[in-house]
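Just so you know, we're using this note's numbering here: the sequence shown kicks off at 82 and counts up by one.
Where hints are given, some of them may not hold.
Ranges of calculated distance between the beta carbons of each label pair, as one might list FRET restraints [stated by the list, open to error]: (1) Ala171 to Thr146: 47 to 53 Å; (2) Gly112 to Ala175: 18 to 24 Å; (3) Arg92 to Gly127: 30 to 36 Å; (4) Glu135 to Tyr103: 23 to 29 Å; (5) Leu163 to Asn108: 18 to 24 Å; (6) Asn180 to Thr151: 42 to 48 Å.
The hints are simulated quantities; they were obtained by calculation from the structure and are not laboratory data. Computed from a predicted structure; not experimentally measured. For every residue, glycine included, the Cβ atom is placed at its ideal position computed from N, Cα and C.
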Amino acid sequence: MSYFIKVNHARFDAAAEAVEAYVDDLNNTMGAAGREVASLTADWQGKDSAKFLEEWLKASEANSTTKKMTKALEQYAKFLRLAASEYREAQSKAVNKANFPF
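Could you build all of it, start to finish, from the sequences and the hints given here?
Shown next as C-alpha coordinates:
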(Lines of atoms letter the chains of each structure in order from A and count residues from 1; the text may use other names and numbers.)
(Lines give C-alpha, C1' and ligand atoms only; values in the text may rest on other atoms or scores of the structure.)
Protein backbone atom coordinates (compact mmCIF):
# COMPACT_ATOMS: atom_id res chain seq x y z
CA MET A 1 0.00 0.00 0.00
CA SER A 2 1.37 3.39 -0.91
CA TYR A 3 0.51 6.75 0.52
CA PHE A 4 0.54 10.11 -1.15
CA ILE A 5 1.65 13.09 0.90
CA LYS A 6 1.75 16.53 -0.64
CA VAL A 7 4.03 18.90 1.25
CA ASN A 8 5.36 22.32 0.44
CA HIS A 9 8.62 22.13 2.38
CA ALA A 10 9.26 25.83 1.77
CA ARG A 11 6.33 26.56 4.08
CA PHE A 12 8.06 24.60 6.84
CA ASP A 13 11.20 26.70 6.33
CA ALA A 14 9.13 29.90 6.32
CA ALA A 15 7.40 28.89 9.55
CA ALA A 16 10.77 28.12 11.16
CA GLU A 17 12.04 31.56 10.11
CA ALA A 18 8.95 33.21 11.61
CA VAL A 19 9.39 31.33 14.90
CA GLU A 20 13.10 32.22 15.02
CA ALA A 21 12.29 35.88 14.34
CA TYR A 22 9.74 35.82 17.17
CA VAL A 23 12.33 34.32 19.53
CA ASP A 24 14.84 37.02 18.53
CA ASP A 25 12.24 39.73 19.16
CA LEU A 26 11.35 38.20 22.52
CA ASN A 27 15.02 38.02 23.54
CA ASN A 28 15.59 41.63 22.45
CA THR A 29 12.50 42.81 24.33
CA MET A 30 13.49 40.95 27.49
CA GLY A 31 17.00 42.39 27.23
CA ALA A 32 15.64 45.92 26.87
CA ALA A 33 13.26 45.35 29.77
CA GLY A 34 16.16 44.07 31.87
CA ARG A 35 18.14 47.22 31.16
CA GLU A 36 15.14 49.35 32.12
CA VAL A 37 14.70 47.42 35.36
CA ALA A 38 18.40 47.87 36.17
CA SER A 39 18.10 51.60 35.51
CA LEU A 40 14.93 51.86 37.57
CA THR A 41 16.30 49.98 40.56
CA ALA A 42 19.50 52.03 40.54
CA ASP A 43 17.48 55.08 41.55
CA TRP A 44 14.77 53.31 43.54
CA GLN A 45 15.71 52.11 47.00
CA GLY A 46 13.86 50.25 49.70
CA LYS A 47 11.82 47.13 50.27
CA ASP A 48 9.56 47.73 47.28
CA SER A 49 12.54 48.08 44.99
CA ALA A 50 14.14 44.92 46.34
CA LYS A 51 10.90 42.94 45.94
CA PHE A 52 10.38 44.29 42.41
CA LEU A 53 13.93 43.30 41.43
CA GLU A 54 13.46 39.87 43.01
CA GLU A 55 10.30 39.28 40.96
CA TRP A 56 12.00 40.49 37.79
CA LEU A 57 14.91 38.14 38.33
CA LYS A 58 12.44 35.25 38.71
CA ALA A 59 10.93 36.18 35.35
CA SER A 60 14.30 36.19 33.64
CA GLU A 61 16.07 33.25 35.29
CA ALA A 62 16.93 30.07 33.39
CA ASN A 63 13.97 28.11 34.78
CA SER A 64 11.39 30.86 34.18
CA THR A 65 8.32 30.47 32.02
CA THR A 66 9.80 32.93 29.53
CA LYS A 67 13.02 30.95 29.15
CA LYS A 68 11.12 27.66 28.93
CA MET A 69 8.88 29.09 26.22
CA THR A 70 11.87 30.46 24.32
CA LYS A 71 13.59 27.08 24.47
CA ALA A 72 10.43 25.29 23.33
CA LEU A 73 10.05 27.68 20.39
CA GLU A 74 13.69 27.17 19.41
CA GLN A 75 13.17 23.40 19.48
CA TYR A 76 10.01 23.77 17.41
CA ALA A 77 11.88 25.82 14.79
CA LYS A 78 14.57 23.11 14.63
CA PHE A 79 11.85 20.49 14.18
CA LEU A 80 10.28 22.50 11.36
CA ARG A 81 13.66 22.74 9.63
CA LEU A 82 14.21 19.00 10.07
CA ALA A 83 10.75 18.24 8.68
CA ALA A 84 11.42 20.50 5.69
CA SER A 85 14.72 18.75 5.06
CA GLU A 86 13.22 15.28 5.37
CA TYR A 87 10.33 16.09 3.02
CA ARG A 88 12.68 17.79 0.55
CA GLU A 89 14.90 14.70 0.52
CA ALA A 90 11.92 12.33 0.20
CA GLN A 91 10.55 14.31 -2.72
CA SER A 92 13.94 14.33 -4.42
CA LYS A 93 14.25 10.56 -4.01
CA ALA A 94 10.74 10.04 -5.38
CA VAL A 95 11.49 12.18 -8.42
CA ASN A 96 14.77 10.36 -9.04
CA LYS A 97 13.05 7.00 -8.68
CA ALA A 98 10.31 8.06 -11.10
CA ASN A 99 12.85 9.30 -13.63
CA PHE A 100 15.15 6.29 -13.29
CA PRO A 101 13.00 3.33 -12.22
CA PHE A 102 15.74 0.73 -12.74
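Hint check:
no., hint, in the structure
1, Ala171 to Thr146: 47 to 53 Å, "37 Å, violated"
2, Gly112 to Ala175: 18 to 24 Å, "45 Å, violated"
3, Arg92 to Gly127: 30 to 36 Å, "53 Å, violated"
4, Glu135 to Tyr103: 23 to 29 Å, "28 Å, holds"
5, Leu163 to Asn108: 18 to 24 Å, "22 Å, holds"
6, Asn180 to Thr151: 42 to 48 Å, "44 Å, holds"
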